[in-house]
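Number of protein chains: 6
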Amino acid sequence: MNFDSFQLENLALAVDDEGIVTVSLNRAAKRNALNAATVDELVEVFSRLPRMGARAVILRGEGTHFCAGLDLVEHHTEDRRPEEFMHLCLRWHEAFNKMEYGGVPIIAALKGAVVGGGLELASSAHIRVADHSTYFALPEGQRGLFTGGGATIRVADLVGKARMIDMMLTGRVYKGDEAISVGLAQYLVEDSEAKALEIARAAATNPPLSNFAICSAISHMQNMSALDAAYAESVVAGIVNTQPDSRGRLEAFANKTAARVRPD
Amino acid sequence: MNFDSFQLENLALAVDDEGIVTVSLNRAAKRNALNAATVDELVEVFSRLPRMGARAVILRGEGTHFCAGLDLVEHHTEDRRPEEFMHLCLRWHEAFNKMEYGGVPIIAALKGAVVGGGLELASSAHIRVADHSTYFALPEGQRGLFTGGGATIRVADLVGKARMIDMMLTGRVYKGDEAISVGLAQYLVEDSEAKALEIARAAATNPPLSNFAICSAISHMQNMSALDAAYAESVVAGIVNTQPDSRGRLEAFANKTAARVRPD
Amino acid sequence: MNFDSFQLENLALAVDDEGIVTVSLNRAAKRNALNAATVDELVEVFSRLPRMGARAVILRGEGTHFCAGLDLVEHHTEDRRPEEFMHLCLRWHEAFNKMEYGGVPIIAALKGAVVGGGLELASSAHIRVADHSTYFALPEGQRGLFTGGGATIRVADLVGKARMIDMMLTGRVYKGDEAISVGLAQYLVEDSEAKALEIARAAATNPPLSNFAICSAISHMQNMSALDAAYAESVVAGIVNTQPDSRGRLEAFANKTAARVRPD
Amino acid sequence: MNFDSFQLENLALAVDDEGIVTVSLNRAAKRNALNAATVDELVEVFSRLPRMGARAVILRGEGTHFCAGLDLVEHHTEDRRPEEFMHLCLRWHEAFNKMEYGGVPIIAALKGAVVGGGLELASSAHIRVADHSTYFALPEGQRGLFTGGGATIRVADLVGKARMIDMMLTGRVYKGDEAISVGLAQYLVEDSEAKALEIARAAATNPPLSNFAICSAISHMQNMSALDAAYAESVVAGIVNTQPDSRGRLEAFANKTAARVRPD
Amino acid sequence: MNFDSFQLENLALAVDDEGIVTVSLNRAAKRNALNAATVDELVEVFSRLPRMGARAVILRGEGTHFCAGLDLVEHHTEDRRPEEFMHLCLRWHEAFNKMEYGGVPIIAALKGAVVGGGLELASSAHIRVADHSTYFALPEGQRGLFTGGGATIRVADLVGKARMIDMMLTGRVYKGDEAISVGLAQYLVEDSEAKALEIARAAATNPPLSNFAICSAISHMQNMSALDAAYAESVVAGIVNTQPDSRGRLEAFANKTAARVRPD
Amino acid sequence: MNFDSFQLENLALAVDDEGIVTVSLNRAAKRNALNAATVDELVEVFSRLPRMGARAVILRGEGTHFCAGLDLVEHHTEDRRPEEFMHLCLRWHEAFNKMEYGGVPIIAALKGAVVGGGLELASSAHIRVADHSTYFALPEGQRGLFTGGGATIRVADLVGKARMIDMMLTGRVYKGDEAISVGLAQYLVEDSEAKALEIARAAATNPPLSNFAICSAISHMQNMSALDAAYAESVVAGIVNTQPDSRGRLEAFANKTAARVRPD
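For the record, the sequence lines run as chains A, B, C, D, E and F. So the first sequence is numbered by my numbering: it starts at 5 and just counts up by one. So the second sequence is numbered by my numbering: it starts at 5 and just counts up by one. So the third sequence is numbered by my numbering: it starts at 5 and just counts up by one. So the fourth sequence is numbered by my numbering: it starts at 5 and just counts up by one. So the fifth sequence is numbered by my numbering: it starts at 5 and just counts up by one. So the sixth sequence is numbered by my numbering: it starts at 5 and just counts up by one.
Source of the hints: derived by calculation from the structure; they are not laboratory data. Source: prediction; values computed, not measured.
One copy or any two copies: either way a pair holds, since identical chains are not told apart in the list.
Here are the simulated lysine-lysine pairs, DSS-like style, with alpha carbons at most 25 Å apart: (1) Lys-179 with Lys-199; (2) Lys-179 with Lys-34; (3) Lys-199 with Lys-165; (4) Lys-260 with Lys-34; (5) Lys-165 with Lys-179; (6) Lys-260 with Lys-179.
Bound conformation, chain A alone (with noise of 0.2 Å):
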């Protein structure tokens, strides 16, 4: 995997033996936040890596903080018309839907201020891997002002609307246990970089066709109505339960080499 082409700045990429790409967040300084250049790097990034054969993304930020979301010292600057923060706001959604639809597993590596559009960015991801540093709030209500990266969206569906709607409306902050109780994240670890490229890694050895249902069709499925996402549930299910790549593991597990689901 060449990334050559990509003309980045506020990002970095790196690649290893796996295929498995770390995609990180290069501005530590301003903790982080999203300004427009990096939504639209972002973008880039996310409509290119699936292609591109990525088995599985890592992402991650540089600094003691994942993201603290939109950048507002630029948006004070810009002093933005309605249609203009509209327009911006489609941007962010196309490289969030990109992350969330495009058939690769990201595992997000989150550690300090997961705020406001950061906490869109994380949501957008697959699995999220919070470390005891971690903490997570929506402070849109304060600032005045409301999410426009998905948080509507992917923020109530991991935590439910009433919780989402307490956080933005007191600025309440979760962290800890709490946060994974809740739904923030799945994992809570001392290391979370580490732990997200052990799950890379095991997400990694599924074939890619399976993780790309995964992490594609099941959004979709959210989206319809459940006797309709039961016949396109089994119409995927048709395509990818008979590839060729799972012939193997399917045999394995007929001949009982395969390793079985344990309880530990």
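Chains B, C, D, E and F: place on chain A using the hints.
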């Protein structure tokens, strides 16, 4: 805010200097059960409060119980026909939808029974504060009834469809930490009215337009497919995030004089 | 209730005096894996039971495991084409939708493996009772497969999309208190079959029309926008809440001879 | 039906012996353009008429035009901020949704201009009767506007999204047979008011509960997936088709004394 | 195809050499009105025909009328309770949904009355062929009823919600060219049965998997948001467009030996 | 507007002084059939044009046919696996969704064959102009295929699901007045390119923000329930209807110097 033009027998209204309105269910002898007249008063109150400039609403009950739900004695006496009860339910929904989608933060201060229609009423608020006397149940199944005030929508949203079905099939009662854990309330405190006032005051410091979006747009977006909700969210953020009321807040942020989000 | 006209090899049926039907998965040697024939039998059983007057259903497995999911040996041997597997999945959905939307309470008594299609089967029941041997997983990713029996709908509904994606990408196993906490089951007990029977008996004391609404309407309403679901709920309540079967219950309530809801 | 408690300046109400209410737009000098005050009056009228027992409503305009849409002079003078116009639109929707979903048949008698918001108003009625002077257009694009009273919903529903987009991009005007053919009205006659009255009288002979279902349930069901709408339809028919008011009609049918459906 | 195991009194089945099955409504004396028994037979027939290998189905009525709808005499005699009629409607929907979503092309050969439930039955077919005797109406409003067999879904889909509401409020009858123009049928011919057979034969020459997709996927996709339907369509096309049955057809196209699309 | 950075082989771009871009399908020898490379070019073109300031787009084909659809020779030669074709379809959808939702008016100038994927391409434009040589068909059924570029969404939207199913089952061809009547195109003219240019010029005189809303919001709102779309429409109108670009237009209207809507 002047409430003289309201003719209320079952509800009582009060407002403080900050524009925080307290709506009290005023039928303590009936455990604040919801008769048809009370529902009509709720329709009127929540049709008019948002247009009167209420900054936040506290919803509470007189006596030791928040609300015992549908007035079953009235229901038994009236011996309604199916279409009559359907029309009654449609009034419940008019009241409760105006609460949820009305754009003004509503904080329910709970205690004692929050059962059946009382839970439906509570779940139409944006934030629920429970105390240690509070208990939640949907006894409709045992009574030979079905919910008609939105439990299938809002209680299912709070606790998940499976837990709600369990509550209805078996009459299961939730309270205390478990009620918080499953999502029936966002806060468990000693004094739910004091905490509700604290939350209402905090919420009321946000610009009204931000609160309007938080207390209307999120609920609408939950009904949309994610990809269409993203579009709608962009437009809402376009208006909210460029409102003049927020300029001072953004400037304070840029100047680093604004309060920062902190993990406690 | 007479089951003579059923020709079942993979399922066994029994009924008690109260109209509570026990459906047993009868392939213990295969860990009750779901081959095509079993699915056909599930379609037949759940097409006919609601019309035969079943008051509640207990779903259990012979042997030490509830159900290990899709019969992978059969799947490997059959070497199906995509459309063949799609058609098979559509039969799974016919069985599972008839369970979920059929109007009769189904209580799943779980133990041992509840994995893959076994979890899909369990999540089609209305109440899940786990014991301490029970463990839940979606190993499809590792097997090179995708779910085809509604996990994308019902498991996502139970635990949230994010946790489900984690389960599928990584093979994560849930059990015990954590399984309850994330929503995979509503009860964790020593003896899941005894508890399931207790719950079924309790549910069976509700009027059938109330149970029908609880076990069909709520699921349909989850597919609707909130504002349309409110309308539908009004109409359902119009029928259920004026049924003659409830008059005695309402009278008992009015007379204060009915059991009251109590927080224990 | 007594209208004394209405305080209307822009609308006029009348009722005949059969309970058919005529609502007249009363600003002929402004081509019945919809200013904010008129919309508030529409909200009040259509909130109350269904509960006052109106059997059918005729909606018409004074002067030579039905309605020229948003009062652009007021809009220009008010120089509204985005959120102000949003709030105004929400009032339009409150009025128009109460019309469409209110359960009372509304027949619009059209003439002259039915453009912009005037077409939105007309499309909130259940039946539209045009005469040969009637013309339809959505000039919002040329005016530098967008529709805010439901054209994206109701006009798109009448003529299809593609024709509506054409109307908005190009200002295309429809009238006469072509307007009927594309679906903008169901009737083209010499005297639209006389025909509207004839239709209203016919509709008013149906039982109110049937009309309620026709004028509320169908619109809700259009928002549902087909498979869920089928469920809802079953419940609505359960109530409507067993109403006592229909027994005489069914008996007349059984006795062959009822009018038969005939192809003229 | 052997129909011996069907026990039908109200329907008659026949099959020709090409696998085209004719289903005849066999109650000419009742204008083929749909009593409860006929609906049960429709459920059975359309549950089993797709799995028996039917290539296409012609649906017709004995006598001079296709179908006069709900058997009102039975309905009057039965004096059903709301929930009883609801359950009856759910059987109608089970029959009609199996028709629409079953994957086998169904061609309705119409004549005479296609009214009420008869129109609901006809609209569950994929293609409707009318002759000059055919007339369409929804007289439910006049009868004091509401539709319970899917008219709110399928008739609204054919003619638009507005025309359907007009039909129900006023009893309007459509026939001839106008019926075609508004979309009630796709063909108007002299001999509807002969034309239906011609169409069925043409459809039966397509590969069954293509017909399955045409007669199931499109209906499901209509329930989905466009952006999710696009995803589902991709997966369906993935299976259908790579089926071995199509290789010969593609080769014929590549060799230019296949029939070309021509505008006559 | 400078197109130097585009590397196009199958498409050609041109722009005039008014910002109207012409996109030409440039494979006349193949009847402009859509091979994979062309689809990739469509993705690129319609990703970038909206951000380059295009005021309107004319979409046309070189040679005598607009577009014959999927390149069946390439498809036959590639001998794709199901997942490969699924991924190809997802690219088609990326291109076509960017067209429909991109906010820039696209006018398709049609001629000759507009069949299969060619009709899917045409239906992704906002306005379709046919000439007398134009014919429309979906021959997928006869070819043993299914549509994979959105016909189930956009063609069904244009002509109704029933007519589309007829087209696919039987290969029915529409042209001329009948094509207009059923909704396949909005205009039938002698010279479709000249008319398309005229329409594009007219559309380009609207403010870009109005056109953006017309060419993105309406499509999103079609996916929403009516009651939620009303909310979204209010917000869109809030932004569009207060844009500075419209002030002059409103002033002209107030001054009566603006062109009036006239019924021809």
